[in-house]
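*Asks:* Below, each chain spelled out in residue letters.
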Amino acid sequence: MLKISDLTAGYGPITALRGVSLTAEEGRITAVLGANGAGKTTLLRTISGLHRAESGTVELAGQTITRVPADKMPALGMSHVPEGRGVITELTIDENLRLGGLARGRVKSEELDRIYSLFPPLDERRHVPAATLSGGERQMLVIGRALMARPTLLLLDEPSLGLAPRIVTQIFELLRGLVNDEGLSVLLVEQNARSALSVADHGIVLNLGQVVADDSAATLAADDGLRHAYLGF
Amino acid sequence: MLQFTNTALAGLVLGMIFAAFALALVLIWRSTRILNFAQAPMAVLTTYIALVMIEDGQSYWLAFVVALLCGLVLGAVVERVVIRPVEGKPDINAVILTLGLFIVFKSAAEVIFGTKLRTYPPSFGVRGLSVGDTTIGITTSDFFTIGAVLATMAVLVALFRFTDLGLKMRAAANNQEVAKLLGVKVGAMLTLGWALAAVVGSLSGLLIASGGLVQPSYMDSIVVFGFIAAVIGGLESPVGAVVGGLLLGFSLSFVSGYIGAQLVALVALGILMLVLTFRPGGLFAATQGRRV
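Residue numbers (the numbering used here), protein chains in the order written: chain A, 21 to 253; chain B, 58 to 349.
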């Protein structure tokens, strides 16, 4: 689904990614783990075209997208839920969701209904400003909004951030359902390695902009040395 | 009674003129999150283009439409050439740039069109309407002004509330990065916001000029009141801009008619302070506070 080869990116003199190569398989949840400053967010931003790669390539379903601007990505089937979620608080829940669907042209009401059926708490308050939502509801809203563009690959930046463990479990279960039932592929960036590995199929550990481990989620979770050194649990 | 009626009617027309200017400010705020201080001299330039055409013997309404189209182009060019380089920087940078543009455009108008007072013909009749055998202080031209402002308000409300384009413009104004990730062409939305705001600004210039005297500073007295009207209304809302304009128009008309014209500026300031004290976000603000 997504293939990244030898990707390097940075901010002026600071290099944030040093030759990162990884693949996110179709119909799988791939988790990218690592401490603060490991380059996780930069990785997602470079994939989705918000940040410019210095070298290396990004391929989505066989098509090179390294230089494609961010606003063209949803039409190519990739949706990126950024760090801090990016709810547009001035808009209502309904408007936020519609906005997500506009990348694919006109928004059909069946598509909205499908998202509302995935996230019942949103359904009750369709025309309420998104500013009134709790953290968990905002996370539901931005995932729902990303799904409105009917992506094949979903990029998620720290969905668990600031949420109660129960809500995190709920959201990860929902992702699992989407992957199993609809063949969605997910690339998930998380500091919360324990939760992420519990839902992911595959894990990649980044440290200071380099891949230090790339294995199945179960293998990574069982590797005590790796867990202590990089994952903090 | 006649004095009361005429004072009220004068307030209505004055309020609509403030509202016209305020609508342009609201539009640019909603679509780009900055305030355009250069709006008045931009409108002066386009109004002069219309005036030159009319003096040249062209039709009044052809000149009117050409002025609006020139506004559209001017707004787009200003955004692309002057504002675009500072986009993504602190908002205040763009606002300061518009202050610079204020000086540049005003001087340009003086250089190109001179500072002499010129008469701008009215859109329609300027005779007061007759009710029975009394003539009241409202003219057909005034009705055109009122209609044009209300129609503009309705179009803006519909644009932002009911159209996909309006939704994209609001998203681009609120969070450029998120809007991009959702496939919105943010640059195009900002250009469009400037272009449309300049059209509305040009409209306000034409309405104010209609049937009056024009010189490069003819809008200066409106600018302050237009800003106050927009802020009273909450800057977010086209309806708020019109309500703010009317509130200000009526108050000022009654104050100058019954108390004294020298108090007008003070009363305007008083209204602004009252509104900002009790409704800091303005009368029609959204639920959350506004960041300026």
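The hints are simulated quantities; they were obtained by calculation from the structure and are not laboratory data.
One or more of the hints may lead you astray.
Claimed, not checked - Heads up, incomplete: computed chain B residues facing chain A, CB under 8 Å, no partners named:
hint, residue
1, I106
2, R175
3, L216
4, T220
5, L224
6, A228
7, V235
8, G240
9, K242
10, V243
Only a predicted model underlies this, so the values are computations on that prediction, with no experimental measurement involved.
Every residue gets a Cβ at the ideal spot worked out from N, C-alpha and C, and that includes glycine.
*Asks:* Indicate, hint by hint, whether the structure satisfies it.
*Replies:* Going down the list of hints, with the structure as the test:
Interface hint status for I106 (chain B): violated, as the beta-carbon distance to the closest one in chain A is roughly 35 Å, over 8 Å. Taken as an interface hint, R175 (chain B) does not check out: its beta carbon lies about 43 Å from the nearest beta carbon of chain A, beyond 8 Å. Interface restraint check for L216 (chain B): the shortest CB-CB distance to chain A comes to about 14 Å, outside 8 Å, so the restraint is violated. Given the 8 Å rule on beta carbons, the hint for T220 (chain B) is violated: about 11 Å separates it from the nearest Cβ of chain A.
A hinted interface residue such as L224 (chain B) counts as satisfied when its beta carbon comes closer than 8 Å to some beta carbon of chain A; here the least separation is about 6 Å, so the hint holds. With a cut of 8 Å, the hint placing A228 (chain B) at the interface with chain A holds, because the nearest CB-to-CB distance is about 5 Å. Among the interface hints, the one on V235 (chain B) holds; its C-beta lies about 4 Å from the nearest C-beta in chain A, closer than the 8 Å criterion. Using the Cβ-Cβ criterion of 8 Å, the hint placing G240 (chain B) at the interface with chain A is satisfied: the shortest such distance is roughly 3 Å.
A least Cβ separation of about 6 Å between K242 (chain B) and chain A falls short of the 8 Å threshold, and the interface hint therefore holds. A least Cβ separation of about 7 Å between V243 (chain B) and chain A falls short of the 8 Å threshold, and the interface hint therefore holds.
Of the hints listed earlier, those the structure fails to meet are numbers 1, 2, 3, 4, in rising order.
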